[in-house]
Amino acid sequence: MNEIILTNNSKVNDKYKSKFEIEFIEKSGYLNILFEARNMIYQGYRLLTHPMSSSLKPNQTKFRSIILQKNQNNLDTESILMIERAIESAEKFLKFKKTPDWDEKILDDFRTVDMSIIEGVLNRISFFIN
Amino acid sequence: MDTTNLQQKDIKRGETKMKKIKVVHYINNFFAGVGGEEMAHIEPEIKPGVIGPGISLQNYLGDEYEVVATAICGDSYFGENLSDAKSKIIDMIKIYEPDLFIAGPAFNAGRYGVACGAIAKAVQDELGIPSITGMYIENPGVDMYRKDIYIVETAISAADMRNALPKISNLAKKLANNEEILSPIEDGYIERGIRVNYFHEKRGSDRAVDMLLKKMAGDEYITEYPMPVFDRVKPSMAIKDITKSKIAVVTSGGIVPQGNPDKIESSSATKYGVYSIKDMSTMKPEDFMTIHGGYDRAFVLKNPNLVVPLDVLRDMEKNGEIGELANYFISTTGTGTSTGNAKKFGEDLSKMLIEDKVDAVILTST
Amino acid sequence: MVKEIERVGIPVVHMCTVVPISLTIGANRIIPAVGIPYPLGDPTLGEETSYKIRRKLLEKALLALQTEIEDQTVFE
Amino acid sequence: MKLELGKIYIKDIRFGDNTEIKNGTLIINKKELEEFAISDERIKSVTIELARPGESIRIAPVKDVIEPRVKVSGPGCIFPGVMGKVKGVGSGRTHALVGAAVVTVGKIVGFQEGIIDMSGETAKYTPFSETNNICVVMEPVEGLETHDYEQAGRLLGLKVANFIGEVARNIEPDEIVIYDTKPLLEQIKEFPHLPKVGYIHMLQSQGLLHDTYYYGVDAKQILPTLMYPTEIMDGAIISGNCVAPCDKVTTFHHLNNPVIEDLYKRHGKDLNFVTVILTNENVFLMDKERSSDMVAKIVEFLGLDGVIITEEGYGNPDTDLMMNCKKVSDVGTKVVLITDEFPGRDGKSQSLADAVPEADALVSCGQGNIIVNFPKMDKIIGTLEFVETMIGGYEGCLKEDGSIDAELQIIIASTIANGYNKLAAKGY
Numbered sequence: 039m040n041e042i043i044l045t046n047n048s049k050v051n052d053k054y055k056s057k058f059e060i061e062f063i064e065k066s067g068y069l070n071i072l073f074e075a076r077n078m079i080y081q082g083y084r085l086l087t088h089p090m091s092s093s094l095k096p097n098q099t100k101f102r103s104i105i106l107q108k109n110q111n112n113l114d115t116e117s118i119l120m121i122e123r124a125i126e127s128a129e130k131f132l133k134f135k136k137t138p139d140w141d142e143k144i145l146d147d148f149r150t151v152d153m154s155i156i157e158g159v160l161n162r163i164s165f166f167i168n
Numbered sequence: 011m012d013t014t015n016l017q018q019k020d021i022k023r024g025e026t027k028m029k030k031i032k033v034v035h036y037i038n039n040f041f042a043g044v045g046g047e048e049m050a051h052i053e054p055e056i057k058p059g060v061i062g063p064g065i066s067l068q069n070y071l072g073d074e075y076e077v078v079a080t081a082i083c084g085d086s087y088f089g090e091n092l093s094d095a096k097s098k099i100i101d102m103i104k105i106y107e108p109d110l111f112i113a114g115p116a117f118n119a120g121r122y123g124v125a126c127g128a129i130a131k132a133v134q135d136e137l138g139i140p141s142i143t144g145m146y147i148e149n150p151g152v153d154m155y156r157k158d159i160y161i162v163e164t165a166i167s168a169a170d171m172r173n174a175l176p177k178i179s180n181l182a183k184k185l186a187n188n189e190e191i192l193s194p195i196e197d198g199y200i201e202r203g204i205r206v207n208y209f210h211e212k213r214g215s216d217r218a219v220d221m222l223l224k225k226m227a228g229d230e231y232i233t234e235y236p237m238p239v240f241d242r243v244k245p246s247m248a249i250k251d252i253t254k255s256k257i258a259v260v261t262s263g264g265i266v267p268q269g270n271p272d273k274i275e276s277s278s279a280t281k282y283g284v285y286s287i288k289d290m291s292t293m294k295p296e297d298f299m300t301i302h303g304g305y306d307r308a309f310v311l312k313n314p315n316l317v318v319p320l321d322v323l324r325d326m327e328k329n330g331e332i333g334e335l336a337n338y339f340i341s342t343t344g345t346g347t348s349t350g351n352a353k354k355f356g357e358d359l360s361k362m363l364i365e366d367k368v369d370a371v372i373l374t375s376t
Numbered sequence: 325m326v327k328e329i330e331r332v333g334i335p336v337v338h339m340c341t342v343v344p345i346s347l348t349i350g351a352n353r354i355i356p357a358v359g360i361p362y363p364l365g366d367p368t369l370g371e372e373t374s375y376k377i378r379r380k381l382l383e384k385a386l387l388a389l390q391t392e393i394e395d396q397t398v399f400e
Numbered sequence: 067m068k069l070e071l072g073k074i075y076i077k078d079i080r081f082g083d084n085t086e087i088k089n090g091t092l093i094i095n096k097k098e099l100e101e102f103a104i105s106d107e108r109i110k111s112v113t114i115e116l117a118r119p120g121e122s123i124r125i126a127p128v129k130d131v132i133e134p135r136v137k138v139s140g141p142g143c144i145f146p147g148v149m150g151k152v153k154g155v156g157s158g159r160t161h162a163l164v165g166a167a168v169v170t171v172g173k174i175v176g177f178q179e180g181i182i183d184m185s186g187e188t189a190k191y192t193p194f195s196e197t198n199n200i201c202v203v204m205e206p207v208e209g210l211e212t213h214d215y216e217q218a219g220r221l222l223g224l225k226v227a228n229f230i231g232e233v234a235r236n237i238e239p240d241e242i243v244i245y246d247t248k249p250l251l252e253q254i255k256e257f258p259h260l261p262k263v264g265y266i267h268m269l270q271s272q273g274l275l276h277d278t279y280y281y282g283v284d285a286k287q288i289l290p291t292l293m294y295p296t297e298i299m300d301g302a303i304i305s306g307n308c309v310a311p312c313d314k315v316t317t318f319h320h321l322n323n324p325v326i327e328d329l330y331k332r333h334g335k336d337l338n339f340v341t342v343i344l345t346n347e348n349v350f351l352m353d354k355e356r357s358s359d360m361v362a363k364i365v366e367f368l369g370l371d372g373v374i375i376t377e378e379g380y381g382n383p384d385t386d387l388m389m390n391c392k393k394v395s396d397v398g399t400k401v402v403l404i405t406d407e408f409p410g411r412d413g414k415s416q417s418l419a420d421a422v423p424e425a426d427a428l429v430s431c432g433q434g435n436i437i438v439n440f441p442k443m444d445k446i447i448g449t450l451e452f453v454e455t456m457i458g459g460y461e462g463c464l465k466e467d468g469s470i471d472a473e474l475q476i477i478i479a480s481t482i483a484n485g486y487n488k489l490a491a492k493g494y
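Residue numbers (this note's numbering), protein chains in the order written: chain A, 39 to 168; chain B, 11 to 376; chain C, 325 to 400; chain D, 67 to 494.
To be clear, the hints were calculated from the coordinates, so they are not data collected in a lab.
Glycine included, each C-beta is placed from N, C-alpha and C at the ideal position.
Some clues are possibly wrong.
Here are the simulated DMTMM-like pairs of lysine to aspartate or glutamate, each with C-alpha atoms no more than 25 Å apart in a straight line [stated by the list, open to error]:
no., chain 1, residue 1, chain 2, residue 2
1, D, LYS492, D, ASP471
2, D, LYS190, B, GLU190
3, B, LYS353, C, GLU394
4, D, LYS442, D, GLU115
5, B, LYS244, B, ASP366
6, D, LYS88, D, GLU100
7, D, LYS414, B, GLU357
8, B, LYS354, D, ASP412
9, B, LYS273, A, GLU126
10, B, LYS184, B, ASP73
11, B, LYS98, B, ASP358
12, B, LYS354, B, GLU163
13, D, LYS190, D, GLU100
14, A, LYS49, D, GLU208
15, D, LYS492, A, GLU129
16, D, LYS465, A, ASP139
17, B, LYS183, B, ASP73
18, C, LYS376, B, GLU334
19, B, LYS212, D, ASP336
20, B, LYS244, C, GLU383
21, C, LYS376, B, ASP325
One side of the interface only, derived from the structure: several residues of chain C facing chain B at Cβ under 10 Å [as the list claims (entries may be wrong)]:
no., residue
22, LYS327
23, GLU328
24, ILE329
25, SER346
26, ARG353
27, GLY365
28, PRO367
29, THR368
30, TYR375
31, LEU381
32, GLU394
33, ASP395
34, GLN396
35, THR397
With the hints as constraints, model all of the structure from the sequences given.
See the structure below:
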């Protein structure tokens with residue numbers, strides 16, 4: 039399987055680690071996940087999901103899950119442009135307001151929403167091959 | 011309502027009669043009557059009272075304002091000694107305790123425009139007083155400073171002085187009185203690219219239908235949000251004779267001296283470095299390395315000329331195919347460097363390139 | 325970066341591997357480079373050939389700098 | 067398909083012995099309604115409170131807003147596939163309680179949802195400061211799973227709205243508006259010389275608290291499809307989206323879609339409004355490609371001369387908006403987009419997360435990042451406990467005197483990107 043889930047959401051990791059390849063970076067923030075996605079794209083991955091999924095703003099939620107795929111044709115320009123725009127946008131929000139230090143209950147809500155978004159995709163991802 | 015306003019105005023007038031609003035004006039050596047290009051190197055100085063266009067500016071500002079001093083600096087001096095010039099001028103201006111600062115107008119004079127923008131922004135930031143200047147829309151100073159200060163739009167040349175000064179004084183007065191600044195068209199300044207909310211008389215869907223009908227009919231319509239990404243720069247004029255030109259290499263490929271002395275980040279760079287290639291004929295792998303985070307670095311580590319093509323350029327210089335190669339290259343990493351940072355780098359290093367009289371740039375990216 | 329340099333009137337030729345990105349960032353004179361691990365040259369063909377490729381690309385770049393253009397142009 | 071929409075204007079609202087409408091006043095039997103509402107075992111308690119325009123009341127956190135309606139004649143029910151059987155709606159007669167709104171209030175997740183102020187400086191930003199609101203304040207049973215609670219809350223609002231709507235069944239409307247769209251070929255024949263116009267309605271479809279339903283189907287699962295504009299007026303589309311207050315398209319806004327209304331106003335005069343195309347805003351990039359391809363294909367197939375496209379949300383949906391814009395432009399159809407903006411607190415950054423050169427005709431519904439001051443209110447319906455964690459709030463924004471400084475995006479539907487409001491933004 040060529041797909042990999044890049045995430046800092048423990049819920050996603052717990053639920054899917056047996057079924058999918060997961061790059062779980064626990065201590066990473068929202069922006070760092072975007073940076074990591076970008077590094078992977080430069081190493082030949084492409085985005086399968088939108089890096090800015092959900093209406094939760096980058097300075098609100100800490101959690102981010104992105105599905106990427108090993109790209110046979112090297113560098114995927116669309117993915118680069120998309121991740122760069124996502125990073126730019128995230129930096130715009132974080133510049134004015136840092137993500138608050140949420141209590142555990144709220145963090146858990148964020149994890150739930152993030153996982154829900156990625157679940158909708160994972161349910162369909164086996165439908166295609168590369 | 012009208013009466014109250016009038017009364018308030020009267021009160022204000024009464025106060026200002028006793029104490030005029032103090033203005034410092036900034037002009038270059040040319041407008042100060044101190045020679046032309048040959049004197050553009052003169053250092054900053056400040057003189058009490060009005061000089062050159064300041065005389066007419068004072069008239070437009072009226073009795074409630076007094077241009078207490080005029081700061082003068084040569085454009086070359088300012089450009090070549092940016093931070094030094096800025097701090098010297100600020101120190102000079104400070105003494106006069108101004109309430110308002112006006113620079114220029116610079117019309118289409120590029121270096122003058124950049125100086126007016128830079129000093130107006132510095133005064134505004136450091137002295138905390140309203141600052142304003144005027145320029146032609148294509149002056150490079152416009153794009154560098156439009157988001158920071160109010161720049162009144164002028165025509166291309168100083169022949170427009172008699173139109174420009176009243177516009178500048180009107181907006182300057184509004185700023186000094188802390189009045190509400192209206193839209194760019196209403197108040198005559200160049201749009202700063204700041205998105206401001208207002209209530210339209212029609213709701214959005216209604217406006218969308220209007221716009222669609224116009225678009226389908228081929229009539230003119232104005233989008234409410236111009237796409238910013240496609241902000242393009244007009245291509246610069248081609249080089250007439252490359253064999254007489256000075257060329258500099260800029261790279262976003264992350265080539266740095268061994269050890270990365272400036273600690274440039276391998277991605278999302280926040281800085282750039284300037285590195286000497288003086289007396290070098292090729293990029294030796296023992297001297298340079300790449301810090302670029304995004305790709306297989308083996309080839310470039312072995313031969314940095316793959317990103318900074320010094321070997322070829324030196325040969326070309328020797329053969330007279332190019333005039334001269336700048337004795338440094340400028341380097342950063344392009345991977346994920348934010349548009350904002352990239353723009354800032356560009357602004358900074360373009361100043362340096364101008365100072366160094368570079369005619370053309372080869373920018374390499376991986 | 326490229327736009328800011330062009331803005332002050334210095335022509336820039338952008339030698340890059342990903343042309344769409346170059347177009348997006350607003351470069352006007354664009355030379356497609358060889359590939360990401362080796363933009364200017366191709367060491368897999370030996371250093372001598374690689375140098376020749378690099379030279380060809382730079383000649384193209386110099387030509388681009390001497391060509392008047394109205395709009396973004398990719399010099400293939 | 068022809069729908070008669072009978073509007074019954076509600077000018078006031080109060081509690082009383084019978085739930086009924088008397089001379090434009092909606093009277094609610096509080097106890098009866100609360101008992102009716104609590105019937106879902108997942109909900110522990112429901113309190114009904116009223117909020118009228120001009121009162122010193124702040125409602126938070128708001129989940130959804132619904133205009134009460136009733137299906138008087140014609141097939142189906144209000145909210146088909148959710149509140150009743152799946153049956154194509156949009157024809158016959160429907161009565162609406164214009165000026166009344168059911169507002170569901172309660173915490174689903176810790177960071178959720180926005181504010182409605184009934185008076186003061188901030189009231190002008192939300193359309194719901196001008197409606198007579200029946201607030202349904204709910205609390206779930208302990209330990210209820212988030213998805214379940216979201217669903218229970220969503221259904222509860224619809225149920226209450228339909229319960230109230232029922233009182234309008236036999237009332238003579240103050241005004242009847244007739245909306246009529248014929249099958250495509252007939253419709254083109256009716257106004258052969260007018261430009262054929264469609265509306266591309268992008269539905270939020272990303273996941274929990276980000277969903278929309280068409281006849282009960284999760285919009286994530288749909289392929290772009292055609293809809294008669296009148297279907298939406300009977301509740302064919304409901305909102306399950308509630309994390310970004312300012313550009314949330316509430317169920318109220320689906321029932322009262324402003325683009326559909328304004329296109330109908332010019333229908334037969336300046337344009338020929340032939341159809342609505344529904345599409346989604348999925349996070350799976352292949353879905354985006356597929357959906358936007360299909361949208362462009364349908365537009366081309368129908369031979370539309372122009373379309374208006376609206377989005378819901380920021381970021382991910384901007385990509386769909388731009389893909390739709392580009393592909394529809396490429397088939398030769400003129401496009402106007404409606405959106406809102408997030409240019410940062412200083413208003414200087416880029417407003418959208420994506421852009422294409424084809425997006426040259428855009429209507430802005432305002433920018434959501436500016437800070438507004440919310441004055442103290444005498445009464446809070448719901449709780450302010452979550453203000454600091456809501457999307458536009460920040461730590462310390464709730465002051466001791468009860469006033470709040472927060473970004474405009476905390477107010478329900480303040481920058482809604484379907485053009486419902488008059489708020490706009492321009493470059494300064």
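Comparing the hints with the structure gives:
Distance hint between LYS492 (chain D) and ASP471 (chain D) is fulfilled; the C-alpha atoms sit about 23 Å from each other, no more than 25 Å. Between the alpha carbons of LYS190 (chain D) and GLU190 (chain B) the distance comes to roughly 21 Å, so the proposed pair stays at or under 25 Å and holds. Of the pairs offered as hints, the one joining LYS353 (chain B) and GLU394 (chain C) holds, with about 23 Å between alpha carbons and a cut-off of 25 Å not exceeded. Taking the CA atoms of LYS442 (chain D) and GLU115 (chain D), the gap is about 19 Å. The hint holds against a cut of 25 Å.
Of the supplied pair hints, the one linking LYS244 (chain B) and ASP366 (chain B) holds, its CA atoms being roughly 23 Å apart against a limit of 25 Å. Distance restraint check for LYS88 (chain D) and GLU100 (chain D): the Cα-Cα separation of roughly 21 Å lies within the 25 Å cut-off, and the hinted pair is therefore satisfied. Of the pairs offered as hints, the one joining LYS414 (chain D) and GLU357 (chain B) holds, with about 18 Å between alpha carbons and a cut-off of 25 Å not exceeded. For the suggested pair LYS354 (chain B) and ASP412 (chain D), the alpha carbons sit about 18 Å apart, so the restraint of at most 25 Å is met.
A distance of roughly 22 Å separates the Cα atoms of LYS273 (chain B) and GLU126 (chain A); the hinted pair therefore holds under the 25 Å criterion. Pair hint LYS184 (chain B) plus ASP73 (chain B) holds up; C-alpha atoms about 15 Å apart against a cutoff of 25 Å. Distance check on the hinted pair: LYS98 (chain B) and ASP358 (chain B) sit about 20 Å apart at the alpha-carbon level, within 25 Å; holds. Restraint check for LYS354 (chain B) and GLU163 (chain B): satisfied, since their Cα atoms lie roughly 23 Å apart, inside the 25 Å limit.
A hinted pair counts as satisfied when its Cα atoms are at most 25 Å apart, and LYS190 (chain D) with GLU100 (chain D) does not qualify at roughly 30 Å. Distance check on the hinted pair: LYS49 (chain A) and GLU208 (chain D) sit about 21 Å apart at the alpha-carbon level, within 25 Å; holds. Simply put, LYS492 (chain D) and GLU129 (chain A) have alpha-carbon atoms about 23 Å apart, close enough for the 25 Å limit, and the pair holds. For a cut-off of 25 Å, the pair hint linking LYS465 (chain D) to ASP139 (chain A) stands: about 19 Å separates their Cα positions.
Restraint check for LYS183 (chain B) and ASP73 (chain B): satisfied, since their Cα atoms lie roughly 12 Å apart, inside the 25 Å limit. For a cut-off of 25 Å, the pair hint linking LYS376 (chain C) to GLU334 (chain B) stands: about 21 Å separates their Cα positions. As the CA atoms of LYS212 (chain B) and ASP336 (chain D) are separated by approximately 18 Å, the hinted pair is consistent with the 25 Å bound. Taking the CA atoms of LYS244 (chain B) and GLU383 (chain C), the gap is about 23 Å. The hint holds against a cut of 25 Å.
With a C-alpha separation of about 12 Å, the suggested pair LYS376 (chain C) and ASP325 (chain B) falls inside the 25 Å cut-off, and the hint holds. For LYS327 (chain C), the interface hint holds, since its Cβ comes within 10 Å of a Cβ in chain B; the closest pair sits about 5 Å apart. With 10 Å as the threshold, the beta carbon of GLU328 (chain C) comes within range of chain B, its nearest partner Cβ sitting at about 3 Å, so the hint holds. Checking ILE329 (chain C) against chain B: minimum C-beta separation of about 5 Å stays under 10 Å; hint holds.
For SER346 (chain C), the suggested interface contact is upheld, since its CB lies about 7 Å from the closest CB of chain B, less than 10 Å. For the restraint placing ARG353 (chain C) at the interface with chain B, the shortest Cβ-Cβ distance is roughly 7 Å, inside the 10 Å limit, so the hint holds. Hint status for GLY365 (chain C): holds, given a least beta-carbon distance of 5 Å to chain B, under 10 Å. About 5 Å separates the beta-carbon of PRO367 (chain C) from the nearest beta-carbon of chain B, less than 10 Å, and the hint is met.
The beta carbon of THR368 (chain C) is positioned within 10 Å of a beta carbon in chain B (closest approach about 8 Å), and the interface hint is therefore held. The beta carbon of TYR375 (chain C) comes within 7 Å of a beta carbon in chain B, closer than 10 Å, and the hint placing it at the interface holds. Interface hint status for LEU381 (chain C): upheld, as the beta-carbon distance to the closest one in chain B is roughly 8 Å, under 10 Å. Restraint check, GLU394 (chain C) versus chain B: the minimum CB separation of about 7 Å is within 10 Å; hint holds.
With a least beta-carbon distance of about 7 Å to chain B, the hint placing ASP395 (chain C) at the interface is held under the 10 Å criterion. For GLN396 (chain C), the shortest C-beta to C-beta distance to chain B is roughly 7 Å, which falls under 10 Å, so the interface hint holds. With a cut of 10 Å, the hint placing THR397 (chain C) at the interface with chain B holds, because the nearest CB-to-CB distance is about 8 Å.
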